[in-house]
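Now for the letters of each chain:
2 protein chains.
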Amino acid sequence: MTAELTGGFTLPGESGYEELTLKLAKKWGADVIRDSDGTALSDTILNAGYGIYSTICIIRDHNEWAKNHMDKLQQSFLVTNPKTAVEPFVTFHLMSDFSQGQFSVNDSPESMQFWQVFDRTSNMEVSRRLWTYEKEAGNLTIQNAVPYHKYTVSFLAYRIWEEISMYNHVTNGWNKEHLMPVDPRYVETREYLLQWMEDWCAAHPDTTVVRFTSLFYNFAWIWGSSERNRSLFTDWGSYDFTVSPLALQQFASKYGYQLCAEDFVNKGAYQVTHMPPNARKLDYMNFINDFVIHFGKELVDIVHRHGKQAYVFYDDSWVGLEPYGKRFHEFGFDGLIKCVFSGYEARLCAGVKSVTHELRLHPYLFPVGLGGAPTFSRDGDPALEAKKYWNQIRRALLRVPIERIGLGGYLHLTEGYPEFCDYVEQITKEFRRIRKLHEEGPVYHLKCTVAVLHSWGRLRSWTLSGHFHETEQHDLIHVIEALSGLPVEVTFLDFEDIKNGALDDVQVLINAGKAGSAWSGGDAWKDARVVEQITKWVYHGGTLIGIREPSAVEGFDTFFRMSEILGVDKDKGARVCHGKWEYHIEKIEGLLPAGFNIPGESQIYLTDGKNRVLAEENKVPALTIRDFGKGKGIYLSSFRYSLENTRLFLNLLLYGTNQELIPDYVTANPYTECAYYPESKVLVIINNSEKSQITSISTEFGVVNAQLEGYETREVLL
Amino acid sequence: MTAELTGGFTLPGESGYEELTLKLAKKWGADVIRDSDGTALSDTILNAGYGIYSTICIIRDHNEWAKNHMDKLQQSFLVTNPKTAVEPFVTFHLMSDFSQGQFSVNDSPESMQFWQVFDRTSNMEVSRRLWTYEKEAGNLTIQNAVPYHKYTVSFLAYRIWEEISMYNHVTNGWNKEHLMPVDPRYVETREYLLQWMEDWCAAHPDTTVVRFTSLFYNFAWIWGSSERNRSLFTDWGSYDFTVSPLALQQFASKYGYQLCAEDFVNKGAYQVTHMPPNARKLDYMNFINDFVIHFGKELVDIVHRHGKQAYVFYDDSWVGLEPYGKRFHEFGFDGLIKCVFSGYEARLCAGVKSVTHELRLHPYLFPVGLGGAPTFSRDGDPALEAKKYWNQIRRALLRVPIERIGLGGYLHLTEGYPEFCDYVEQITKEFRRIRKLHEEGPVYHLKCTVAVLHSWGRLRSWTLSGHFHETEQHDLIHVIEALSGLPVEVTFLDFEDIKNGALDDVQVLINAGKAGSAWSGGDAWKDARVVEQITKWVYHGGTLIGIREPSAVEGFDTFFRMSEILGVDKDKGARVCHGKWEYHIEKIEGLLPAGFNIPGESQIYLTDGKNRVLAEENKVPALTIRDFGKGKGIYLSSFRYSLENTRLFLNLLLYGTNQELIPDYVTANPYTECAYYPESKVLVIINNSEKSQITSISTEFGVVNAQLEGYETREVLL
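In the order they appear, the protein sequences are chains V and P.
Using the numbering used here, the first residue of the first sequence is number 2, and each one after it goes up by one.
Using the numbering used here, the first residue of the second sequence is number 2, and each one after it goes up by one.
Take the hints with a grain of salt, since some may be wrong.
Identical copies look the same in the list; a pair holds intra-copy or inter-copy alike.
[As the list claims (entries may be wrong)] Result set (PhoX-like, lysine-lysine): computed pairs, CA atoms no more than 20 Å apart in a straight line: (1) Lys-84 x Lys-527; (2) Lys-527 x Lys-573; (3) Lys-537 x Lys-255; (4) Lys-327 x Lys-448; (5) Lys-571 x Lys-268; (6) Lys-268 x Lys-84.
Honestly, the hints are just simulated from the structure, not real lab data.
Bound-form chain V, shown alone (with noise of 0.2 Å):
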């Protein structure tokens, strides 16, 4: 490909190496420099005719205010481990099991009336007047406690230590400054904070882009206090992080009612994105996102009032931002920056409304990466990871248009890898070239919108929470990630969505993952509404997938709830003494390529007998097809991303909307794709495998033949 322009690029600039900067930003056509944290730009740069990215992390770095302000950091409820009562009395030290380091306790009254004491044996919290606390002691004694019943306390506590600043700490034996998080909750904190960003927007009159990192709340991080499990919770999109008494009270003045410790702490299992949300987390999430909003646009106001563009950090502190809400355009913001491994986080940056969209690529230009491997130093090999990323991302981007991308870290560690240079400099005209194409018209795409049904529906659509490799576990992120760069329509839905039409316009609608969990749905499935919707919408055509535990809910003749479409169920013990109904594999020709695999899921039975089985493990199916009316039912077991499973994947999107298996546009070999822009009627095959391949492409014009090397894209004008 051959990239016609500059620009959409974000380079990060050095200090002390204004050459190799202002060499790389023309080698790499940048429009924009940024600085990383803990490096500043000198006037050379900042003079050279570029736009300035300036990073902020608002809530950290206020330590001086922070120490007089104590009672303003932010807080989270936290849940001792269980203590069994061996004698009439039980004492819980608080902090035992957490990290002096990020907690401490908040024993003000204000913050006690909050705290509960569960037997967690019964079920039941203990009466008020049964416990005493001894502040000095930090110690929790319970009185009268029934004998062998098992014990909690959940308490309020203030943060005073932010997490990813105590990461950077722990991680790289950092002995500077504990950053302490300040909440925005308290009107003094916002007030100093708006001061703040006025202040600094006046000192740094070269900034073109004031790049938020993110906004105040953090994912939960809850460090424990032994070495053996320093991690004790962890969750990206939980919204642990933001509660106070202050907080609480304003909750209850606005909804009605009061939240508790125990809506936090849930059993000391906390509220977890992979889980679905009951209606007091909803309604808490939203009086949250509403405040971030409000705030948020204030400090979005003064940015611009500054003739600067306010651009916002899609991974670190976000919760409260919520792209995906309905009301994110109101912060303002100009553009929204998201760090990419994988090709459904750039699904997940474009799909952001009315916001410049910019990619953060991997590698960042650090020594090591993630997990501690090398990059730029010793075996590293920056030039051939650049090319797995982005191997990774540019299949979706192919499929949605993105306007911006760019690096991260210390351009200096370039200097020794003119491979990765030369590198980057291909990405970014293949990133230019296919802007351009979005630009002329929109991508050709089959015709099929296919939708996504978990608990969330919009709210996480492309994301569960975090990266792959924190989420892989779950087979929707594997789903996702192949959908990510297939030609197909793709939506996510919740289950009222479903029982308000949304039905309508989908063909596919995909259901994934384990009983129970915000992915399969839970307890929605017990509402009948949903059932008869999707049941009747089948019946008149459209194609259900079920992966995993689909529909499933305890309480019904069978478990799963969608098995009349699926035709299988999965035995949770009362069906042991049934038959099994016998099959054979069947085979649908070109539906399953060579190498797919779908791992077996035990207890998995046929309900009647009328499926296609067309791969089974341990004599257990493990993909069945079958019709119902019009529409049809699909069950996989299992999935996990690869390229044969997503060419699989694809093959069943077709066949469950009655078309041909290699359509037009579409490339006969699973380890290729294609796009095609008909507006410039440019087809652009991609390799995505690391070895050269053969395919060929159908079009309305005549059959493309091809040979790409490994990874290589390929434009061909028709």
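Using the hints, position chain P against chain V.
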């Protein structure tokens, strides 16, 4: 070992082979000769001075009477497969899912009052006003169906072909008359059967023992209409085949509430022994048990009045017999015969009170054995089979007295197999010697009483339901097979027993099974008193062994209710974002024998890191131990029976009760076991493996060393 006695052996005689019969009767020391299915004994045999067993099957073999009383055949509730309404009406042909040979719809008015139509989508019964039944077509139609809801119909059907007879027909391609099962619930049936029993006794003066095969009601075995799913439902402990409108009316009179079809069909799952029974099911079982005792006793009394003994076979139509029920002695049976493959079945027989215990050994004298493999034909090696089966039960016989053994089948088949005949002679000698040792005084056992806790408690002592191979997916069958030959006392408790102080006499408590099963316990674990009692008992010195998903129930802070004792829990999805305790594998000298294997269970996590982890799989703890007060909690992710795992289990029992791992009267070699009879001062050493083994045993008289051939039994006088 040398046998000093004859007797205690039941030989299957065969007319036409009188000489062989008498020769083998002498060789094997028989005192009783029996008939087998399809054989009759000639006068030569009847008059040879042996006791004579005769087999009767009381509820079949009365086809002439049955044909004149088709409304007094046995019945069962059936439930159709679900159907989805895609029009405002749904029609079911009731019999379309079921074997026409086995069932015939009972559409009498008294039957139809118990039929039920269910909307399985909404979980609601459909009003009787909304469905109609056409007798001639056998069709039931639901009017005003809710579109896209699925429905089922539950109805009563007569069983017109007794299932054992049906199985033999189908398997052997017979062309005989179908035997019908009559139901003694009706007074006319009972009058007929009492007279028949009277006549039978009068007509068989040579018979000394009447063997009932078994009583009235078979285990449930529902055959389907499709060749691809012939056996829709089978449960050896199910009471489904006892039902009738009359029984339901009598139940309602006695218990004050009405049962309905749903109590039996249970959303299509039926009621399986592997799931916890509810109160209604237990009431119904008691109701049937009461009836079976009453009428059974009338038949036994007739037998006794004729000067004969009454034995009952505890394998076929035993439903309602309940040898472990509190009222079993009321029947007045003289003996109980159990067909055995496994050690636990020998214990199951031996544990029944106030009867003579007789084992029917394998292999049966049939051309082919279980699963169709040749025994007395072609490549069969009946001597080796006999050796392996004997090896399987011998270790159980060393622990508890059994008075009689015997064979079944066709004696002439032994003719080409002298090695078999010699080995059976050896078995009879070993058996009599062991029996003698038990008579001389009780066998020595370790100071360890083991209680198995499950929903059935004592009623399902030493069994789950059916033979080993039918239940091998359940860990508990492996546990009780291991226990069947260990030198410890074993008892079976239910959850009421726990609350009523049964733990006072127990050193080790075992709870083993999948969540929700009868073996784990399901909802019984919601009762805080159960948790309290076990916690208290462990704290004071007891040891809890939990296997797979012990004490598991949803709704509490941990899935395993005993997690405080076990130190592990299973993540049901909410803890996917929680940190895992690091651990290293610890070693306890001598605890884990070479070759042990505990396959892992996924999603198991350490609750507080205090356990010693002894084994793992895929980085998940598989075997852990922790102290709790003076007691211990031991967790195994699974248990599979093997010689090595059996020794592991013994070691855990010893460790759990603070005993040395190879105490007196325990062999040093895990492939061998021994039993000590203090009164006789005899130590019996057995080699459970096919290979020669060297072992030593510490005794109060010094160390015994021995080398045993494969499967050998060795007797040592101390």
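Hint by hint, here is what the structure shows:
| no. | hint | result |
| --- | --- | --- |
| 1 | Lys-84 x Lys-527 | between (35 Å within a copy, 19 Å between copies) |
| 2 | Lys-527 x Lys-573 | both (17 Å within a copy, 19 Å between copies) |
| 3 | Lys-537 x Lys-255 | neither (40 Å within a copy, 47 Å between copies) |
| 4 | Lys-327 x Lys-448 | neither (27 Å within a copy, 69 Å between copies) |
| 5 | Lys-571 x Lys-268 | between (28 Å within a copy, 14 Å between copies) |
| 6 | Lys-268 x Lys-84 | within (13 Å within a copy, 40 Å between copies) |
The structure does not agree with the numbered hints 3, 4 stated previously, though it agrees with the rest.
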